[in-house]
Amino acid sequence: MANRRLRVLLVDDSSNMRTIVRNFLEKHFEVEVFQSGNGEEAENLLQECSVMDEPIDILFLDWMMPKRTGLEVLQSIRSSERFKLDPKVVMLTAETYPEQINACVKYGVSQYLTKPFSEDDLVRAVRKTLDSGEDVSNGV
Amino acid sequence: MAFELVSQNEYLLLKIKGEFQGSGDTDLLAVFKEQQEKTQLKYLIIQCSECSFIGADAMREFAQIYKNLKTINGGMRLVAVNPDIEQSIKKAGLDRILSCKASLRGALVDFGLVTTKEFDVNFINPFLGSTLKVFEIQCQTKATAQKPFLKKAGDPLLLGDISGIISISSETFNGTLAISLAEVIFVKIASRMLGEEYKVIDEGNVDLIGELANIILGQAKIELAKLGYGIQMALPSCVWGKDHKIKHFGGGVCVVIPFECEFGVFHIEVMTTSIANGTGQSLAKSA
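Residue numbers (the numbering used here), protein chains in the order written: chain W, 1 to 140; chain P, 1 to 287.
These aren't lab readings, by the way, just hints derived from the structure by calculation.
Some hints could be false.
Claimed, not checked - With the Cβ distance kept under 10 Å, some of the chain W side facing chain P (calculated, not the full set):
(1) L45
(2) L85
(3) A94
(4) T96
(5) E99
We put the CB at the ideal spot given by N, CA and C, even for glycine.
Please take these sequences and the hints and turn them into a complete structure.
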């Protein structure tokens, strides 16, 4: 990844929320941003990128989305050999209960960032994710 | 010790953490019996918010405690259980005995230890506080709250041109949260949040209002949880246009909180209807 741009997939049913995240990311990182409005499409994109040897580095997942929740997407991708460890996942959600955070930690999220979030919160979460996938922060 | 048992005013609270396989060397049933006899409390709440797993041995111990409580007409509830644990309890065929509640309040209502009137007092403050926080962090503008008032049937419509609406559901009440903004305020906030100048509400920026409703409810959930309310979130919806109406579900009385920010005055509406005692009484009546 050292010689190429960071590849990020933003999954949120709010296109404006995706724009906010994209704007923040582009301000601070050399980044290629992919977007999806639902979990099903996101999984397709993830597989496509992986097969094309252009893997996603960080997957940003909202929780409450039509068709499939972010947690369901997380469970699904982590249950496959291909995505067991990568991409790193950052939950970016309005869901704030500790049991929800714990459920995501169990499936290997790197960061759990709650909305509302500032530019600094987001940049910090990405940096921590790139440094290590182990340190899960709760932005509540 | 893998657990902590403490007595509250009217119930015993068992806190379990991490992967709870069972009480291990310490006999949970014996500790419970000793505490129960000492306090004469007949209700047990098992707090699971920091627990990621409950093993088969632990479930057996809980079932023993349940049996014990039944003999004294008591009750037991697990609260803030994660979906995986709930699934494993069901799989073990113990979901009737190890009954799960999303919130402490839900458990206390089951035991008859809280009344509807008690709900009224601090209900609006979490929504007020969360709106201030969301505007400061996400909308990058400070807001101040004005005096809340009740919205009665026949009251004029709010002045907003765009509203985000989200239903609120819990074990003890249902309701709706709506945030309503005039177009002139919305476009300024949207411009600031999205880094692009907007002059009108359009298909491209409209979902932002639903997202704001969603985030305000998400933050309010944290404070409501401290009051014992567990909230389930739903997908928000957006309506816009001059003189649009906000349709609240359930028909309870609605509290309106006006806010002022640098762009003008906007409102949030919170409508709640108690389902705990089947009366359909609004929780916000005395707020």
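Hints versus structure:
1. Nearest Cβ of chain P to the Cβ of L45 of chain W: about 20 Å, over the 10 Å cut. The hint is violated.
2. Interface hint status for L85 of chain W: violated, as the beta-carbon distance to the closest one in chain P is roughly 19 Å, over 10 Å.
3. For A94 of chain W, the shortest C-beta to C-beta distance to chain P is roughly 3 Å, which falls under 10 Å, so the interface hint holds.
4. At a threshold of 10 Å, the smallest CB-CB gap from T96 of chain W to chain P is about 5 Å, leaving the interface hint in force.
5. The criterion of a C-beta within 10 Å of any C-beta in chain P is met by E99 of chain W, whose closest approach is roughly 4 Å, and the hint holds.
When the structure is compared with the earlier hints, violations turn up for hints 1, 2 and for no others.
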